[in-house]
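Hey, can you work out the whole structure from these sequences and the hints?
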Amino acid sequence: ASITEVTEDPTHLIRRNFVQFSKVYQTVVKQLLYFTSITEDCQ
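Counting from 1 along the sequence shown, just add 9 to a position and that's the residue number in the numbering used here.
Hints are computed from structural coordinates only; laboratory data are not their basis. The model shown is predicted, which means the values in this text are computed figures rather than measured ones. Take these hints with a grain of salt, some might be off.
The calculated label-pair distances, taken between Cβ atoms and stated as ranges, are [said to hold, decoys possible]: (1) P19 x E49: 40 to 46 Å; (2) Y43 x I23: 26 to 32 Å; (3) C51 x L22: 42 to 48 Å.
Straight-line Cα separation of at most 20 Å, SDA-like style, residue types lysine to any residue; simulated pairs [said to hold, decoys possible]: (4) K39 x Q29; (5) K32 x L42; (6) K32 x T20.
For every residue, glycine included, the Cβ atom is placed at its ideal position computed from N, Cα and C.
Here you go:
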């Protein structure tokens, strides 16, 4: 039982962290695209 808990728990944490990371990554990409579009308009 302890072996299954050890193997299942890390994957759950990794998946949850990946979801949070993907959300942050999307927001960062949107901000970068928005910033680059503003700089291109200024130039």
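Now for the hints, and whether the structure bears them out:
no., hint, result
1, P19 x E49: 40 to 46 Å, "43 Å, holds"
2, Y43 x I23: 26 to 32 Å, "30 Å, holds"
3, C51 x L22: 42 to 48 Å, "43 Å, holds"
4, K39 x Q29, "16 Å, holds"
5, K32 x L42, "16 Å, holds"
6, K32 x T20, "18 Å, holds"
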